[in-house]
Amino acid sequence: MKKVVCLLWCLTAVWATSFAQLEATMPFMSSLPQVSYYNPAFKPAYKFSIGLPGSSVFAGFSNNGFTYNDFVSKQSNVLVADLDKLYAAMQDRNYVNTNVQADVFRLSMKVSARMYFTANVTAKVYNRLMLPKDLTGLFINGTSAYVNGTASLSPKIESLGYVEAGFGGSYIINKNLTLGARFKVLKGVANATTQQALFNLSLGEDYAINVSADMDVRTSGIHNLDSSEYDIEKNWRDFTRNNGMAVDLGATYRFKDRLTFGASIIDLGSITWKNDLYGYKLDPDRANFTFEGFDLQEMLNGETDDSQFDSLESKFTPEEGRIDSYRTPLPGKIYLTAVYEIRKTVTAGAMFSAERFKGRFMPAITASINKEFGRRVGTSISYTITNNSFNNLGAGLSLNFAPIQFYLAGDNLLRAPLALATGNTLNGYVNSMQYFNLRAGLNFVFGRDKTQEKQPYPKKEN
Amino acid sequence: MQLPVRKKWPFFAIASVILFTFWSCDELFDSSDYELEKLKATPEMSIPLAFGELGISDLINEEDQEYVKVYPDGLVYLFYEKTLVTKDIRDMLKFPDKSFSESLPVPPGTLLPRASETTYASVELDRDLGFAPEKLTEIKFKPGTILILGLNFTPQNPASGVFELELELPDFQKNGAALKQRITALSGGSAIIDLGDYVATLDDNRFTARLSLIEKPHGNTVVITHPTEASVILGFESIDFQYVKGFFGERTPTRIPTLTIDINAFGNALGDAEVSFAEPKINLEITSEYGLPATLEFEPFEVRKENAEPLPILFSTPNPVVINAPATLGGQAVSNVGFANVAAVFDYAPQQFYYQFQMGINKGLTSGSNFCADTSKISVKLTVEVPVHGKATGIVLTDTFDIDLSDSKQSEIESAVLHSIAVNELPLEAALQIYLADENGVLIDSIFATGQTALIKGSTVTSAGDLSAPGIADVDIPLSAAKLEALFEARKMIVRMATTTSKDGSGNYPLVKFKSNYKINIKLGLEAKLNLEVDL
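Going line by line, the protein sequences match chains W and Y.
Using the working numbering, you'd call the opening residue of the first sequence number 135 and step up by one each time.
Using the working numbering, you'd call the opening residue of the second sequence number 1119 and step up by one each time.
Bear in mind the hints are in silico, worked out from the structure with no lab data behind them.
Note that this is a predicted model, so its numbers are computed, not measured.
Any given hint could turn out to be false.
Computed cross-link-like contacts, PhoX-like style, restricted to lysine-lysine with a CA-CA straight-line distance of at most 25 Å [claimed, not checked]:
(1) Y:LYS1187 / Y:LYS1399
(2) W:LYS219 / Y:LYS1647
(3) Y:LYS1601 / Y:LYS1647
(4) Y:LYS1158 / W:LYS208
One chain only, chain W, in its complex shape (with noise of 0.2 Å):
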């Protein structure tokens, strides 16, 4: 049993190893080119500079829901799995997002004293699983709670795995406005999602109890690696008819020199999936079962009929088969910031992120103080509040020593050292995380773009 606890606590970390679907440090790190990747009319701070692989490393995990903090207690020096501290701390719908990210090349250049060209491979993988409250409710507090009530104990699954080549720009119209776009060509590789789920679990004033589920789940590039037969290296070719098209939109605009805003909406778009179509379904006609306790007739009669319950595995049991293709979003993200520069090499930053995806939306709110030391140091510490987490203290660091960059930035970060300083261990820190993420890596960086040099309109005007 313990074993198994821990499992399924590992399992759930496993999740938790990568990281949120929102970056708030990162967008502030004016210094990297990657900064661009969260608004495209964001200008790099290099003329040029080239990304292989490893470049950026991106993972992130998020969990609106509760924390090992909630699961545990410690009662007469015993560690106790506390279920019921557990279900208090969850949300109505618990999300926990992992997303990973890895440039395979980028490219960024200035073109002209106006434009500048951005080009990337990424390959991205973003995975969400929505547990509802009532599904571990109905373990913890059983089913009095339901009473003329129903329980939602449908979990949602959703896996994106793709690669997108992104090629776009930034275009200074004027002094104050810049305009940027970026577009991507998709390729899906692996995809899990959630059309319809529906479990509920009803209870009558006489305890009655109903069980009613509808299923749509559709699957692509993923049935056929359960087959022994099935040679992915032979067929890597079936990976790339999943196709798909995303934009990425962005300005900014500055307001009395000091003060800029940034607006952008990233991964407008969506992939169609034809690989490998293979989908899970419950008719919700079938899938309905009622159990309101044995019948007294037939123990009048001194039988007990256990053929109902023969009859659950078959109506809960999906069917299963090929399907036909089906299209699916990209999590789709709203950057609006604002950045007022206090001195030449102090900023702070505020800005309002948010995702929504398949019916979620998930915002953050995140406030930010940036200082270079000279060109060689960039540095960032942030606070941001997300998924009800309000411990998050990000910072990001950048090394620049041209031409070479290494930088790393993350959320939530600052509580590590913290943890480490009062309690010697990170255990304080891991265990109330909700929010984490990182990203780092090494760029090739040539020629600092000097501030308003070159630039295409007087330096101010009266």
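Chain Y: place on chain W using the hints.
Just chain Y now, with coordinates in the frame of chain W:
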């Protein structure tokens, strides 16, 4: 542009602190934080236990389900029927084989050649079949009844090939023709005649036979020098009849084995109950196909139940019962017997009707005109009809089950509540108690406290006993920790349900009707608060 060194110190200071902090820790994680020892939860489970819509027929024992009937107005009644078909009287009429040895003298003489046959000698006989005590006047034989005719000359055949013996039974006729049969000495001296479908008209078993010696045409002169005798055998064998008429004598056939009708409808539930049925009926119908005066003497004729003396069922007509006889062969006559104490019989709440009888025929008679066909029989049909219309108190249903919850952790159940909803159209209310006992049947405790047992409330009825309004009982019965503790210790569970019919407003028990469309809708559920603590 390079920053002055003095402006870089904050960065290096912070970085140094962070790095120092990381490296100063022996282990980044304290694994003891993840070594869970227990898992705790306190779920409250509400689960349905049982449901059902029960009618009166569902409450009646399975063995009696086939006896449940419904009147056109929906009133349920129990109908039991047992019919005994007896052919004892017919089987009593057995007729033994009967043989007659006759002699026909053949005087000496000269037989001249002749072209046509003539009777040489003859004799007419009056014979008695000798049946007793039957004195038959008519019998129609079944196929298989045979008459053997034998011929032998003593000392020898005086005229071989000239004589034939002719037997004529004018009283034995088939299709209007009397029985005639010839045999010759040459043909072996015998013949077998099937009497099937012959009707013999007898005079108290007597019949007439004529034996004739026929001289056949012959071309030579035959001289019979010495007196000779023709010995004739008439043998009746395997006598059986299609019908017989006459007087069969005074007889007392064997006693009929004991007959019973089991009334399991209420099992032992009515053992100590006081019940009263409004219109019960007992009917004894006797159908006779015998044309004779017969009586049935019932002894005993009573109802029985466990732990009680049998109660005799009293006849309203004399016992032995005189059975009506049909006027003609092939007809039937029905006799119905009434009873004097029907209400008392059912108030007794019988579990069994128990009876035995014997028949008598021609009692005290020395003559008469009886008839009996081979297929004749007497049917004795006892029917018991019990409309479920009445009143009852003190009906107790008890059953005992073995239980063993020792594998479960009692401490996991903190408290429980039994939830019962019963919407009852039946005029029957019930109180349930579950007793808990140890292995030896010694009571430990009961599940329900006083006042908690009234799980089913009876419906109210009109003055005619029909449904007025259903009784609704929505009851939550908390089960205390002590009761639960007893439940886990118990090894036997004795379920006892005490029921009565509905009371009226004055607390009296009116006569109530149980109709087929009256149902009791019961839903039982359990709400239990668990305290789960699992060692990991």
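Going straight from one Cα to the other, do Y:LYS1187 and Y:LYS1399 come out at no more than 25 Å? 14 Å, holds
Has the given pair, Y:LYS1158 with W:LYS208, been kept, meaning a C-alpha gap of at most 25 Å? Holds - the C-alpha atoms of W:LYS208 and Y:LYS1158 are around 11 Å apart, at most 25 Å.
Take the C-alpha atoms of W:LYS219 and Y:LYS1647, compute the straight-line distance between them, and say whether it is at most 25 Å. With Cα atoms ~17 Å apart, W:LYS219 and Y:LYS1647 stay inside 25 Å; holds.
For Y:LYS1601 and Y:LYS1647, compute the direct alpha-carbon distance and say whether it is at most 25 Å. 14 Å, holds
In this structure, every one of the numbered hints holds.
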